[in-house]
Amino acid sequence: MLAGIGALYAGTDGFGAFTAEGARRLRVLREPRPVPDLALEDQSGRRFRLGDYRGRTVLVELVYTRCETLCRSLATAFRQIHRRVPPEALGRDVALLSVSFDPDRDDVPSLASYARLHGADGTGWRVVRPLDEGELERFLDALGVVVIPDGRGGYEHNAAIHLLDRNGHLVHIADLDEVDELFARLGLSS
Amino acid sequence: MPPRSSVVAAALWLLLAQPPLRGWLEATMTRHMLVDIPLLAATGFVAARGLSAERRALLRRAAGGPVPFVLVAVLTMSYWMLPRALDAALLDPGAGLAKLVTLPLLVGAPLGLGWERLGPIARGFVWANLVSMLAVLGWLYLAAPVRVCNGYLVSEQLDAGTWLVRLAVGFFLGWLARLVAGPTPRDSTATRIRHAAHPGAAVLGPRGRRHARRRRARRAFAPDLRRASAHSSSMEGCRARSCPAARAARWRRSVCSPR
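Chains A and B, in that order, give the protein sequences.
So in numbering that gives the first Met the number 0, spot 68 of the first sequence is number 67, and the numbers just go up one at a time.
So in numbering that gives the first Met the number 0, spot 28 of the second sequence is number 27, and the numbers just go up one at a time.
Keep in mind the hints are simulated off the structure, nothing from the lab.
By construction, the Cβ of each residue, glycine as well, lies at the ideal position given by its N, Cα and C atoms.
Any given hint could turn out to be false.
[Stated by the list, open to error] Examples of chain B residues lying across from chain A (beta carbon under 7 Å, computed):
#: 1; residue: 15
#: 2; residue: 17
#: 3; residue: 71
#: 4; residue: 80
#: 5; residue: 82
#: 6; residue: 83
#: 7; residue: 86
#: 8; residue: 125
#: 9; residue: 144
#: 10; residue: 147
#: 11; residue: 174
[Stated by the list, open to error] Per the computed footprint, the stretches of chain B lying under chain A, defined by three or more beta-carbons under 8 Å from a beta-carbon of chain A, are:
#: 12; stretch: 73-79
#: 13; stretch: 163-172
[What the hints assert, rightly or not] If you anchor each label on the Cβ, the simulated ranges turn out as follows:
#: 14; chain 1: B; residue 1: 141; chain 2: A; residue 2: 152; range: 21 to 29 Å
#: 15; chain 1: B; residue 1: 138; chain 2: A; residue 2: 7; range: 42 to 50 Å
#: 16; chain 1: B; residue 1: 63; chain 2: A; residue 2: 146; range: 42 to 50 Å
#: 17; chain 1: A; residue 1: 130; chain 2: B; residue 2: 127; range: 51 to 59 Å
#: 18; chain 1: B; residue 1: 161; chain 2: A; residue 2: 28; range: 49 to 57 Å
#: 19; chain 1: B; residue 1: 154; chain 2: A; residue 2: 28; range: 47 to 55 Å
#: 20; chain 1: A; residue 1: 146; chain 2: B; residue 2: 180; range: 49 to 57 Å
#: 21; chain 1: A; residue 1: 179; chain 2: B; residue 2: 131; range: 56 to 64 Å
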């Protein structure tokens, strides 16, 4: 009986996480982990690597530009953050990346259109697509993001804001309505 | 040679472990929760029931009775009903393997060993636990504002929630029907299983065994007797072996005639 309850306790991270989403967030809080580097292309066609952002805090959201539901909420949260981060810190200390997990369909014009729609400026907030499918797979695995086709040409995916520290470690996964907590963690009070 | 039921259970388990069937069963949340998991548990149950009565009794004695078995089964089943366990089984090969092993070994087999010796109150506890678990999970899947499983679509979650609630209601109505119209506790399955496991040879003397035989015969012929009472006036001379009146008369002669 005790062994059974112990196993259930261990299997739910101390009765703290009953869903995979809760478990991945808890795991990251307890053990920050490095994320693999990624070759990216932004809405202006500029190419760079995620590793170029070492030394800056990066907020990452996973989207696809045709999304009408969750990604819009993610974009709204990013717009909120984009407005609240002091201009002198934006791009220099903190950067926002909307990463597409559908790079085949999300070409540069699609990224640009999405950026225009939501107010991504291309410096502090960039809308990007990975250039290598294998790298994208490893990146999604490291973050614990699961993308499944919804049968109507779109996708369903777990939506959250991923916080990478200056060393490129994933240290926090925040919900869309936890922008204030995220700011507190970033050390930005406004 | 292993008992036939154990061979059937092993064959079913092997079939369920095959990637194409596994993929199909895990493709929707409803099939995963309500077909795949129960079938895997059933393989363990059938295999355990295939053991001889002596072996089952030996294992129960080693565990200290049927209750530990049933508790292990309930706790393990509770884990595999969690959304994160479903996700893990889907996305992590290690967890998928753990599901294939633990459901027969820690849910089905313990139930197969413990259930037959469980008292009515403990059985009621297990049923109540099952019905409440299904109802709460179903309600959660229907009411949750988010996807609870990363590996399944919202539409599949709603579908699974609906089926879980339907199943909970079905089990509850079945239990209620049994309560209202089912057999008396004296005639319950547990009593019959106890009789089957211990036919009375050890505890009853020859007289007791004779009485037990008569009781069983009376139960077996009871419907015929009722039919016969309405039938006998017009069928007094019936001699056919299948005729209820004739069967009842033969039984009366064999059981009730003074010796």
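Residue hint residue 17 of chain B, partner chain A, criterion CB-CB below 7 Å
23 Å, violated
Could you check the hint for me, namely that residue 179 of chain A and residue 131 of chain B are 56 to 64 Å apart, CB to CB?
37 Å, violated
Could you say whether the range 42 to 50 Å given as a hint is met by the Cβ separation of residue 63 of chain B and residue 146 of chain A?
Hint holds: Cβ distance 48 Å, inside 42 to 50 Å.
Interface restraint verdict for residue 125 of chain B against chain A (beta-carbon cut-off 7 Å):
This interface hint is violated because 14 Å lies over the 7 Å limit.
Given residue 71 of chain B as an interface hint, is the shortest Cβ-Cβ distance to chain A below 7 Å?
Because about 5 Å separates residue 71 of chain B from the closest Cβ in chain A, which is inside the 7 Å limit, the hint holds.
Interface hint for residue 80 of chain B, Cβ within 7 Å of any Cβ on chain A
10 Å, violated
Would the hint on residue 83 of chain B be counted as holding, given a Cβ-Cβ threshold of 7 Å to chain A?
5 Å, holds
Between residue 154 of chain B and residue 28 of chain A, does the beta-carbon spacing fit 47 to 55 Å?
31 Å, violated
Given residue 174 of chain B was flagged as interface, is its beta-carbon under 7 Å from a beta-carbon of chain A?
Nearest chain A Cβ about 25 Å off; hint violated.
Report holds or violated for the interface hint on residue 15 of chain B, using the least CB-CB distance to chain A and a cut-off of 7 Å.
This hint is violated: residue 15 of chain B lies away from chain A, its Cβ roughly 22 Å from the closest one there, beyond 7 Å.
Take the shortest C-beta to C-beta distance between residue 147 of chain B and chain A; is it under 7 Å?
Hint on residue 147 of chain B: holds, closest Cβ of chain A at ~5 Å, below 7 Å.
Per the CB criterion, is residue 144 of chain B less than 7 Å away from chain A?
Hint violated; residue 144 of chain B Cβ to chain A Cβ min 11 Å, cut 7 Å.
The structure fails hints 1, 2, 4, 8, 9, 11, 13, 15, 18, 19 and 21 (numbered hints given earlier, in ascending order).
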